[in-house]
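In my numbering, each residue's number is its place in the sequence shown (first place is 1) plus 27.
In short, the hints are calculated from the structure, not lab data. One should not assume that every hint holds.
Unchecked claim - The list that follows gives simulated cross-link-like pairs (lysine-lysine, DSS-like), each with its CA atoms no further than 30 Å apart:
| # | residue 1 | residue 2 |
| --- | --- | --- |
| 1 | K181 | K29 |
| 2 | K53 | K198 |
| 3 | K150 | K85 |
| 4 | K66 | K113 |
Said to hold, decoys possible - The following label-pair restraints were derived from C-beta to C-beta distances:
| # | residue 1 | residue 2 | range |
| --- | --- | --- | --- |
| 5 | G90 | F202 | 38 to 48 Å |
| 6 | G201 | L236 | 34 to 44 Å |
| 7 | S247 | G201 | 20 to 30 Å |
For each residue, glycine too, the CB sits at the ideal point set by N, CA and C.
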Amino acid sequence: MKVAVNYSVEARNLLTNSLIDIDLFKCPDFSTELIQDAKEMIPSYIHFGLNAENGQMKNVDWGLIRELQSQTETPYINVHAVAMAKHYPEYDVETSQPSHINEMTDAILRDIEILDREIGAEKVIVENVIYRGQGEYMMRAAIDPEVLSRIIEKTGCGFLLDTAHAQMSSKSLGFGVKEYISRLPVDHLKELPITGIKPDNNGRLRDSLPMTDDDWALASWTLEKIIHNSLSATHL
Numbered sequence: 028m029k030v031a032v033n034y035s036v037e038a039r040n041l042l043t044n045s046l047i048d049i050d051l052f053k054c055p056d057f058s059t060e061l062i063q064d065a066k067e068m069i070p071s072y073i074h075f076g077l078n079a080e081n082g083q084m085k086n087v088d089w090g091l092i093r094e095l096q097s098q099t100e101t102p103y104i105n106v107h108a109v110a111m112a113k114h115y116p117e118y119d120v121e122t123s124q125p126s127h128i129n130e131m132t133d134a135i136l137r138d139i140e141i142l143d144r145e146i147g148a149e150k151v152i153v154e155n156v157i158y159r160g161q162g163e164y165m166m167r168a169a170i171d172p173e174v175l176s177r178i179i180e181k182t183g184c185g186f187l188l189d190t191a192h193a194q195m196s197s198k199s200l201g202f203g204v205k206e207y208i209s210r211l212p213v214d215h216l217k218e219l220p221i222t223g224i225k226p227d228n229n230g231r232l233r234d235s236l237p238m239t240d241d242d243w244a245l246a247s248w249t250l251e252k253i254i255h256n257s258l259s260a261t262h263l
């Protein structure tokens, strides 16, 4: 297992002064200058802003994706499984009708099929996104554990579990985050980002914030669960 943190000037200074010990810097895909700065210190990898839904993969610059991957220590191409409400205006965001869910799932799968052809499914990891409920931009189907498990099973991709996204989604779903994570396809986990969450001045939850005691406790529980599942599978 390797440990990474998001690249920043502050993180760079901490590493320079031996105040943190990490394996990689994590960088966004939109700043070649930032990526280069990070690489001067230690190996770095890219977190891509790709969305699988509604034909988005047809507009991707695959040459750039491959170039960024080859220039860094990026083992997997991450993609967000999404179903934007604006693309399904006739459906309630919380729709549970099988035909609606199948339509959205199929749209995600079609985009991931393009990723498979370009990159290879074994090098792709599917990430859980944020669902906020009524009046928001994401359909509930996109974060449904059964939908995500179906996508992983059908494509052969790995899974990226964002614990902050899971916390925020579970609050909108009305049940505990541990129950939600337990239903996700963690047996296929390849990457585990952890960040803190906190409401802003308007009460809207935000992620990518400093970790609280509750955030650390959830991260610890998640790691223990993953390790337990892995050991159980090894002894089958």
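- Range hint compliance [Cβ, G90 to F202, 38 to 48 Å]: 43 Å, holds
- Item | Distance restraint evaluation - S247, G201, Cβ atoms, bounds 20 to 30 Å | With Cβ atoms ~24 Å apart, the hint holds.
- Message: Would the hint linking K66 and K113 be met if the CA-CA limit is 30 Å?
- Response: At roughly 38 Å apart (the allowed maximum being 30 Å), K113 and K66 break the hint.
- Message: Can you confirm whether the C-alpha distance between K150 and K85 stays at or below 30 Å?
- Response: Judged against 30 Å, a Cα distance of about 19 Å means the pair holds.
- Keeping to a limit of 30 Å between CA atoms, is the pair of K53 and K198 held or broken? Distance of about 27 Å is within 30 Å: holds.
- Message: K181 and K29 were given as a pair; does the straight-line alpha-carbon distance stay at or below 30 Å?
- Response: Distance of about 28 Å is within 30 Å: holds.
- Item | C-beta pair G201, L236: status relative to the range 34 to 44 Å that was hinted | Once the Cβ atoms are compared, 23 Å apart, the range 34 to 44 Å for L236 and G201 is violated.
Going down the numbered hints, you'll see the structure goes against 4 and 6, while the others check out.
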